[in-house]
Amino acid sequence: MTEPLLRVRDLKTYFVTEHGSGTARAVDGVSFDLYPGETLGLVGESGCGKTVTSLSVLRLIPEPPGHIRPGSFIEFAGRNLLTLAPRELRAIRGNQIAMIFQEPMTSLNPVFTVGDQIAEAAIVHQRLSRRAARARAIEMLKLVGIPDPAQRVDHYPHQMSGGMRQRVMIAMALVCHPKVLIADEPTTALDVTIQAQILELLERLQAELGMAVMLITHDLGVVAGSADRVVVMYAGQVVEQAPTPDLFARPLHPYTVGLLASVPRLDAPSRARARLHGIPGQVPAASDWPGGCRFHPRCPYAWDRCREEEPPLLDASTGEPGSHTVRCWLLTEPQRRTGRPGS
Amino acid sequence: MTSSSALVDVQGLVKHFPGERAFFGLGRPRAVVRAVDDVSFAITSGQTLGLVGESGCGKSTVGRTILRLIEPDAGRVLMDGLNLLTLGGRELRALRRRMQIVFQDPYGSLNPRLTVRQTLAEPLAIHHLATGADAGRRIAALLEEVGLDPGFARSYAHELSGGQRQRVGIARALSVEPQFLVLDEPVSALDVSVQAQVLNLLADLQQRRRLTYLFIAHDLAVVKYIADDVAVMYLGKIVERAPAPRLYAAPRHPYTTSLLSAVPVPDPTAQRPRIVLTGDVPSPAHPPAGCPFHPRCPHPKKDARCHTEPPALREVAPGQLAACHYAEEPL
Amino acid sequence: MSVWNWLAVGGAAVLALVAVAEIRRRTGTGSSGRRFFRHPSAAPALFVLAFFVTVALAAPLVTPYRPYVQIDITRLANHAPSTQFPLGTDPFGRDVWSRLVYGARISLGIGALAMLVAVTTGVVVGGVAGYFRRWVDATLMRLVDVGLAMPRVFMLLMVVALWDHVPLTVLVLLIGLTGWFGTSRLVRAEVLSVREREFVAAARALGAEPARVILRHVLPNAAAPIIVSAALGIGNVMLLEAGLSFLGLGVPSPAPSWGNMIADGWPKMAVAWWASTFPGLAISLVVMALNAVGDALRDALDPRKETA
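Chains as they are written, first to last, in our numbering: chain A, 1 to 343; chain B, 1001 to 1331; chain C, 2001 to 2308.
Hints should not be assumed to be uniformly reliable.
As the list claims (entries may be wrong) - A few chain B residues facing chain C, derived, Cβ under 10 Å:
1. PHE1017
2. LEU1069
3. ARG1093
4. ALA1094
5. ARG1096
6. VAL1102
7. GLN1104
8. LEU1110
9. ILE1126
10. HIS1127
11. THR1131
12. SER1175
13. VAL1176
14. ASP1184
15. LEU1205
16. SER1283
Hint data in this document are derived by calculation from the structure and do not stem from the laboratory.
The C-beta atom is built at its ideal place from N, Cα and C for all residues, glycine as well.
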C-alpha cells in the first residue's frame, strides 16, 4: 500500500465554553489517513466534530476559545503541521492543502472581483505577475466550467448565482494545484441539480489534477456517490471507518446502521407514510459526552460494558487488515446483535 | 384529485413581486418577479400533497399565499367551498383556526423572548380556547403529543435543540386544532436522525388527527415518504402533478426526471442514469420565452416549438399532468 | 454642612452600593446579566448613576441649604471649598453642593423625561412605519428626513427665544420632540428585520391582531438597540440642556441645573473655579457612566453574544 499523504493521529481539539468553566471536547482523539488521489468522506451529524477536524488540519481553529491539545499529530509530507512556524504553515495553506467551504455567499469577499480573488493565491504562493495571475484566473474559471471566463473574471460575487460562486470557490482553492483539497459541505447550500453539477466537477478535477479530497458532509448519498473510503464520526470520535462499498454493504456500528436507516431513500419502494427508523434521542453536548461508549444512551444494543468502558477502534476487516474498523463492543459479542431492532 | 372531495382547492393562484429597480430607479423599468404564476391544485381531505422544487421556484410563496401571509394578486383558494381570498376580518380569523403553518427554520420560527408555555398559550388565548389551569393542561397534552416532556414548557427557545424547537413549532400549529397544515420545509434544517423522528411524528399526527397536509420541500426523497400526490414547480409554474407512485416510477416532465436523477442515493452500487442539468435556474424576473425549462432541457426532441410556445399543463396519463410538448415521450 | 448631612451622603453611597450589588446578584445568574457585568466599567458606572439618583431624591437630607438661598452675599460669595461648604460657594453666595444636588433633580429629570418622550415617539413612529410599510412608511420617513435635516440646537434656540421664562415641562417636551428622529429610524430598521422572521408570520397565521404582533412579537425583539440608544441619549439630552442653560435659554436661574450653574460660575472662573468646575465634572461623570452602561447593555441584550 502507498504511503498516506496526510496522517492524522489522536487529534484533540477542545474549546473553552462560555462561562469559562467547562471544556467542550469537540474533537477527541481522531485518527485517520488520507492517501494520494483518493476521496475520503468524513460523515456525521452536526456537532460530531467533522468540521472542527477539517479546520484543525490547517490550524484554522480560533484560539482562544479553541486549542489543539499537545500529543495531537497531523503529518503532511513528512512534517507535523501542528509544530510548524506560522510562516511555514502559510506556505502550505492554499498552496498544498486548500479548502472550500459550505457558504459560497460568505466565503467570497464582496468588494473584489472573482478574478482578483482567484489570482491572489497564485500571486502569494507562486509569485506570478499580475498579468500572469489574471491569465491563470481565466484559465481556472474555464477549468471549473464557468461560461465566458474572460468576461466573468471581472465580475463581483454578487453578480453570480450560488452554483457559480461555489465554482469560483473551487477555482480559488485549486489555483496552486494543491495535493489535498478539503471540501467542507461543498454542496449543502445548493439545490440538487446544482449539487449534481458541483459533485461531477469535483470528480472530474480530481481525476485531472490527481489530488486527494477530504469530503466533509452529512449526506450519506453524496458520500456513496463520491467517496472511496468513509470515516463516520460521532461525539468527537471516529466510530467506524471503511472502504465505501464495504461500509454501505456491511455497516457495523449501531450509529452507522441508524444513520443509514434514517435517510429517506429515493430507491425505496413507494408508499406514503412509510416509517423511517430514526435514532432515538439526540447528539449530546460536547461539554458533556456520556461515559463509556458515547453512543450508548441512544443505542438499542447497549449493555453494562457499553456504559462503563469506552470501546477502542476494533478491526472488522474482511479484506486487508485495518481497512474496516469499528468502535463498538458488539464486535466482541456479535450474538447480542441478533433479534434487536435497528436495521 | 377531483375538486368535489377536496378540502383545499387552489385555482389560478398568481403572485408577482415588483422587482428591484436598476440604478436607483433611473434605469430600466422594474422587472416583475413572477414568483407564482397560475398555480392550481387540490388536496383531498386527509391526504398530503408534496410541493417540490428548487430554491426560488415559488413553492414557499404558494404556501404563504394560501394562508394570506402574503396577499396574492389573483386566483382563488377554496376551503370547504369558501373562498379564503375574499374573506375579511372576523371570518378570516375564524378560518385561520382551521389552517396552520410549520416553518423550516426552527431557530427563526420561535419568539426568543417567550417560553414554550407562552408560545403555546398565545393561540389558545387569541381564539378563546382555554385559559389558566385549563390552558396548562392543554399545553402539557400538546407537548406530549409531539413527543416532548411537559417540563419543557418552562424552557426558552434557545435552550432547545433544533428537533425540539421544530416539535414546539408543530405543537403551536396544532394548538388551534386545524384541519389543514402547510408544512414549509419542516425537516430540511434538521440532522438526518432527527429528520426521521420528525417525519414519523408528522405521519402519526396526520393519522391521529385526520390532518390534510401541503408538504413543501426541495428533497424528493423526503417527499416520497409522506406525500400521496406530488406537484413539481419550476419558475413559478407547476410543471408536473401526479399521484406519488406514478411520479416516482414514471415521470413525464424532463425536469422531474432530471431532479429525480440528481438526488444522491446512499448506495454505492446503485446503477442509475445520471442526468446533470447544465446552467442555473433562470431568474424569475426574466423567465425564458416558450417553455421556461427549455434552456436547460436535456430532452433530445427539444425544438423551436419549445422556444416559442409555452406548454400547457395537461393530462398525459390517468391522473398525471405534465407541462411538456413531448410528455408522451419521456426521457 | 452638618454631621447629619455627611452621614446622609454616606448613607446614600451605601444605598447605591447595595443597589448595585443587589442588581448584580439578581441578574448575575442569567446570561445577559453576566454579559453586562463582564464590562469592567459597568458596575462602577451603575454605582455613579445610583448614587446621583439617591442623592437627588434625598436632597433635603444631604444638603445644608436650600439651593437658591444666598447665605451671605457680601461675605460668603466665592468661598473656597471647606468643611462647611464642601464644594465652595458661587458668586452669588450660594452653596455649590446644595445647588449641585438639587440641580441633579432637574438635570437628570430633564434628561430622563425628555428621553422618554423621544423614545416613545420614536418607537411609535418607527414601529408603525416598519410594520405597515408602503405609504405609511414613506410618509413618516420623509417627515423624519425633514426633522433630521433641521439643525436641532438652532431650532430649540428659536423656539425658546419666544418665551420669557420657559416652563420646565415645555423644555422637556421641546427637547424630547426634537430628539426622536434618529430613534424612529433605528426602530424602523429593527422592526423591518424582525417582522420578516418566521415567528412573526406564525403569530399572524394564528390570527393575532397587528397590535398584538407588534407589542408581543416585534418590539420585544427590537428592544435591545432601543434601550441602548436611550441610555446613550440621556447623556446627550443632558449635554443639550446644559448647553441651552449655559446660553441662558434653558432652565432659568435661580432654579439650579448643572448647565446654568456652570453659566453662573463662569464669569468668576479665575477666582472661584469650583463654582463651574464641579457641575461640569458632575455632567461628565454622569454622561460617561451612561455611555458605559449603554455599552454594557448593548452586549447584554445582544443574543448574538451568546456563545453557549
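Verification of the hints:
no., hint, in the structure
1, PHE1017, "violated (13 Å)"
2, LEU1069, "holds (5 Å)"
3, ARG1093, "holds (4 Å)"
4, ALA1094, "holds (8 Å)"
5, ARG1096, "holds (4 Å)"
6, VAL1102, "holds (9 Å)"
7, GLN1104, "holds (8 Å)"
8, LEU1110, "holds (6 Å)"
9, ILE1126, "holds (5 Å)"
10, HIS1127, "holds (7 Å)"
11, THR1131, "violated (16 Å)"
12, SER1175, "holds (8 Å)"
13, VAL1176, "holds (7 Å)"
14, ASP1184, "holds (9 Å)"
15, LEU1205, "violated (17 Å)"
16, SER1283, "violated (21 Å)"
Violated hints for the displayed structure, listed by number in ascending order: 1, 11, 15, 16.
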